[in-house]
Structure formats: C-alpha cells, structure tokens
Amino acid sequence: MTTPIHAKFELDYGEFRLNVDLDLPGSGVTVLFGHSGSGKTTLLRCIAGLQQAPNGFLQINGEVWQDSERNLFLPTHKRSLGYVFQEANLFPHLSVKGNLQFGLKRTGLAGADLTHILELLGIAHLLERLPDGLSGGERQRVAIARALALNPQILLMDEPLAALDFKRKQEILPYLGRLHRELNIPVLYVTHSQQEVAQLADHLVIMDEGKALASGPLSETLSRLDVPLAHDREAATVWQVTVAGHEAEYHLTRVAFAGGTLSLTHLSAEIGTPLRLQIYARDVSITLQKPSDTSILNVLPAVITDIADDDSGQSVVGLLVGDQPLLAHITRKSRMLLGLRVDMNVYVQIKGTSILN
Amino acid sequence: MLNEADIATLWLTFKVASLATLIMLMLGTPLAWWLARTSSRFKGICNALVALPLVLPPTVLGFYLLVMLGPKGPVGRLTSELGWGTLPFTFGGLIVASVLYSLPFVVQPLQASFAAIGRQPLEAAATLRAGPLDTFFNVVVPLAKPGFMTAAILGFAHTVGEFGVVLMVGGNIPDKTRVVSVQIYNHVEALEYEQAHWLAGGLLLFSFTVLLVLYSALKTHPVAHQLK
Amino acid sequence: MLNHRFFRALVLAAFIFPASSAWSATTIVAVAADFTKPMTEIAAEFQKATGHEAKLSFGSSGKAFAQIQSGAPFEVYLSASEKYPVELEKAGLVVPGSRFVYAIGKLVLWSATPGYVDDKGEILKTGAFKHIALADPTHAPYGVVAEEVMTSVGVLDKLRPLFVMGENISQTFQFVTTGNAELGFVALAQVIDLNTGKIGSGSGWLIPDELHGPFNQTAVLLQTGAENPAAQALVDFLKSPAARAVIKKYGFGSPE
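Top line first, the protein sequences correspond to chains A, B and C. At position 233 of the first sequence (counting the first as 1) the number is 233 in full-length UniProt numbering, and the numbers step up by one without a gap. At position 106 of the second sequence (counting the first as 1) the number is 106 in full-length UniProt numbering, and the numbers step up by one without a gap. At position 142 of the third sequence (counting the first as 1) the number is 142 in full-length UniProt numbering, and the numbers step up by one without a gap.
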C-alpha cells in the first residue's frame, strides 16, 4: 500500500543540499520545523513545483506529480494545491474578491459558493477592498482563503505568520485552529516557531541541514531525545486529551488521556471536548515512590524509556505515561541520586500545563 | 506658417512613429521579459546590443543599415530574393531603422518594470492554476502598466525626434521618407529659418507635452507595486 | 551631428591659443565636403612651403555658411558654390576683394555597377531604374547642378519621383556606392582614379559643363582672418601652380 504522501527529493546547490525521503499522512497538519537554512521551505517549494529538484519523486493521494526517473514534472499550475506564502502575495491590482476569483476562474469553479470559507476566515466584509487597504493579518487571511477556495488536494503554508507581529499572530491563530478542525485535506506547514508546532501540528518533521532528522506523530517526535528539540529550554510535549468531568467545588476540570486523567483549573468546556495540552519538560519532576504528601495534584505512574545528559549538568528523561510520551528536565545530580535507569518504573509530578486551544 | 509639404512630413512622421512603436512593443515585450528573468550568459551581450543605439552616433547605425539592407548587403539580398525589393528609401526601411534605433527606449523601461515585479506574483499565479501565458497577460501586464506606458511614449517620442538614421536610410524623399526632423534640417540648410522655427517649435512643444503627460501620469500611477 | 560639432569645438579650442604666434601661424578653414581630398593634400604642401598650418573642417557648404553667420571662428571659407560667399560678402563678413574661384566643380553620373551608365548618359532618358541619387538641391550646390543637367536633358519631371537625396555630396556618394541607388550625380573627385585621371570604378558619364550653369567653387578670406598671416598665405597658396596641380589631379576644372 502506498502512503498518502510520498516525497523524495535530492538537490545540490553546493552551499545548500536537500536530501529527504518522507512518507507523510493524508490528513491533519504536518509541520516542517527547523531553523532558517534547514531546507524546510525548499522542501515545500519542491512539493509545490516552484522549485525543481533534479532528482525527485512526489506522489500525492496516488497522483504522481514528479518522477525524475520517468522525466515527469507536473508544473505548479497543473497541481491541485493551495499555497500560502510568507508574505500574503495578493495581486495588488485586484480587489479581495478578484484575488479570490483568480484561481476559481481557472479551475472552472467560478460560481463556487465561498460563504463558508469567507466566514471561516472572517473576511466577508473585505470583498470589495484592495490589498493596499488591508492590515497584514487581513491580507494573510485573504491569502489563505484564496488558496482554500480552489478546493485543493493539499494545502501548503510557508511560515504564514512569520511576517506578522505578535498581535496579528494572535489574530490569525484561532482561524488556523478552526481550519485544522474543519479541513479534511492534508496541510503542510513550515515554521521555525515551537509555539506554532505545539498549537498546530499533528505530525512533525524536524529539518536540519537539508535532512529530515525525525518524522512522526507530534508527541512522539517531540519526546525523542535524539532530536535537539527535546534539549531546548522550551522543550515540551503535547497531549491530546478530552474533557472528562468537572469538580465544581474545587474549581477543577478533569481531562482524560490514553493512560489516565489529569486535573486542570476549571475550564468552561463541555464533556467530550478535545483539548491540546502542552506540558513543559521543566514542569515535570520524578519520584521513585508514589508521593503521599505532595501539593501537586497530578502524579502519574510512568516508565523511563530514555535518558540523555547534557553538557550543562542537565538530564533529559523520556517517559511513557500509559501510551503518552512525556519529557522531564531534571538535574544530573538528581538523576544520579535517584539512580534513574531506562525501563525503571517511577512517578511523575506535573506542576503545570497549558491549554493550547 | 506650415506649408503643404510640412504638413505631409508631420503626417508621415506620425505614421512612422505609431507603426514603429507598435512593432517595438511587440518585439520589445518578449525581449524585455527574457532579459528581466534570464540568467543566461548571453544576457550581457543582449543587454549591450539593445543599448548600443543609445551610445552610437546615428550615422554609424544609418551607415550600417544602408550597407546591410542595400542590394549588396546580406539582408538586402534576402529581401530581394523574397521579392520585397530592398528597404532603403522606402517606408518599410524607415520603420526598420526607427525600430532598431528606438528599441532601447522601449526595452529598458519594460525590463525595469518586469524586474520590479519579482517572482512572487508569478509564483502566486502558478499556485492559482495560471499557466505562463495566462500569468503574463493577467498578472504581469497589469502590474507593469506604468512600464508599458513609459515604453510606448518614449518609443514614440524618440522616433519622432529621430534624425540621423532616417536621413541616411530614408533618402529624404518627399511624402515617402521625409519626416519632420529632416524637413527642419532642410529648412535650416536652405536658410528658410521661419519655416524651420514653426516646425522646430512645434516639435519642441510636442516633446515637452508628451514628457509632461508621461511624468504626471507616472506620479499618479506609482510604479510601486510591492505585493501586499 | 552633435558629436561631430562637439569634436570640432574641441579641435578649435585646442589651437586658438597657438594661433597668435607670429612665425608659423595657424588658420582655420571651412571646406566644402567635395573638396576633402584635394584640400588635405594642399594643406600638407602649404605647411611644407610656408611653415603655416591650416586646420581643416569639412562639411556641407550650407552648414558652414550658417555657422560663419553665427560667429564661427573660420578664417577662410572654401564653398562648393558661389552663392554663399556672395551672401557673406553682403553681410560684411568677408575681407573686400578676397573672393575668388578656386576650382570648377565637375559632375559625374555614376553607378557602382560597371557598364550600367553609358558614356553619353542615355540611361537618364530611359528612366529604367528605381532610384537616382543627388545631393539635396535646396541647399547643396551639387544638387542644384544635377537638377540643371536633368532640365537640359529634359528628364527632370520624369525622374523626380525616383530621387533620393543626400544631405551633402558625401552622403549621396554613399547611396550610390552601397548600391541602394542604382546611379546618382556625384563629384568627379569622388570616383576619379588618380593615376589615369579617369573614372576609376563602376561606370559613369562625365557631364559636359554646357549642360549646367557655372559651377564656380568660390573661396573668401573672412574678416576673422584679416589679421592672420597664415590665412592670407593660404588664400595665396590656393592660387599657386602647386595647388592648381593638385586641384586638377582630383578632376576639378582650373579657374583660368
């Protein structure tokens, strides 16, 4: 069986080389994460056909877009994709409506009903305006709507928030969250922001020096100790949880995950609501015995899967809580004193969490 | 005042300049597009060739055209073989000379405005299913409108003002190749200074008006087309 | 045109200063385009004989005329016609009594193709060609004479539609020598073979003087050169047997 998306590219610009071979899921958001120069944007451009890797193979949902062995290269305008650039890249000579219609006219969808997309991105009131009269955030929302209007097989987004200030980012993120829930096409999203990774990714590809260091489901990939991300001060894992119940008298909400429950400060959300929970590695501590006299509510049994020491006296510990991967940053001294080893059964105390949606 | 011969030269000049401008736009647009986007190693040579008439004395170009297009020249032999006769001293010859001589005035503004557009709108168009030609006519042309205006006006005005080349290739034939700049020269040489003043003054006024219109129009249509 | 003029201005500027030196002086001369070759030779001999230097500026007589009127620093003016020097004389720009004919212009109906023009000029009557080149008669002396010839032969109106006109006799010669005009009226000096004294290449008809009015190429000493011994010396030298020989060699008639 072929995977929904198979992307294999090799190119060599001397200074910069790209060499990836990736299988990616056919739904949800796949984030391509890496520093500038890591090759993430080049990879995205190769997928779009904006750049042609001399050696490449690309198949999307059974359709081959590039196969250099067969000399096949589908030009960008023949690929069923939506592309959102870092700068919104709207046509300045066309109104918002004209920009939205541009692609539709060329796909025979000219009469398509855009109500849903306009509403999803909150741009219905901007239709007659010219791009010059829009704010940065509005432009980027129009650009996303323009890409989505074509009903593409895949949506490619190249750091769509990078050019926006913090306020504009906060303005757009909720829209991206909604896209995430409502779209059933795969989204490839390039970013260098860990925050966007945590908020948006289902699947994570970590790029470095033109190679994919890791590729897999978000929480699994985040907790891989062989990836620099796990060693970062901001290292965190993300859990998918659902609201399981409320303890009104304590002002708490209980959420369930595969392997147990957690108590959070009260959320006004219905039971069954899915949530993304971010747990920073620095907020996790480890005990050998189940602590009986601790103020921390969330104490869970866990198994150590991996340990790595840093140069700076810090140890990064990978754990499994039920099926959920978790990261803990502790001092090397604590690690030695506790005698932590792989496969040891321990307890983790989670001091704090943040809800991402 | 202007006599009948003067008016004939004005009309002929208008015809030559209009047709030459049209041809220059048709030839210059793909050429400028290629020059603006290529990284071919022939780019430098082509840029230099296009700009050559800017620095060459018109008599040099005129003389080479006379030799090349004449019955002994390679182009002249070709046109004779094809049964078109030779081009010097004909309206067609004037057009060819004017096109070559004024081409940089059309290519350079176009090239600059194409380069200013950058690759982003082209990529955006491609991701919105527009093929290369489609993109050119529906994105590049509207974005490069100020460039096209400048090119057309400068090309036209420069053809009107052209003298040395048409004098050499045209042969100064009334109603056929005697354009207004040549007529002014004739008046001056024949010591008909008053006639010369009428035409020269008119040409001065025309050129000034054209440039004034151009620059005012460019002011209200800023070339600044950074993508938003 | 502009380049040419600019260059000329530079050249002029460069020698106005040494012109004041008394021993070997320099004079600036405007020369009709058709007299380019003989005058170059005459100037060389002039320098050898007198030590004075003649700086030559070639171009159409009409243009030089307009420039002199506008204060150009020419001291001697060798026109291709009689008309311009007379006009300058009326304007008081000429040293009185200095006007003289230095050569008689000779006109040739010439083609670059051998055997094309017969030695009687019968071809003019056939009109079996597409273009005939002549210098623009509105201002070029050779053009005026060419029209007179066609009037004498009785073909002027018939041939007028076939005219292509050079700005001066040099350009007219270009039209014919490149073959763009099958034939044209040019100066004998342009096509003469200096060894044989006959038409060197192509084919031509040396037009008899009777077919046109006097073609007196006339020179004057301008007021600007009145005080310059070199200018006066050049005027004298042009009348010397040495100069006459050169003039004759290039196919011009002698003024005697």
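I should point out that these hints are in silico values taken from the structure, not numbers from a laboratory. On a predicted model such as this, the values are computed, not experimentally measured, just so you know. The beta carbon of each residue, even a glycine, is placed where N, CA and C say it ideally should be. Please note: incorrect hints may appear among the correct ones.
Heads up, incomplete: computed chain C residues facing chain B, CB under 7 Å, no partners named [said to hold, decoys possible]:
no.: 1; residue: GLY62
no.: 2; residue: LEU88
no.: 3; residue: ALA91
no.: 4; residue: HIS139
no.: 5; residue: GLU167
no.: 6; residue: SER170
no.: 7; residue: ASN180
> Which numbered hints are broken by the structure, listed smallest first?
Replying inline: Failing hints, ascending: 2, 3, 6.
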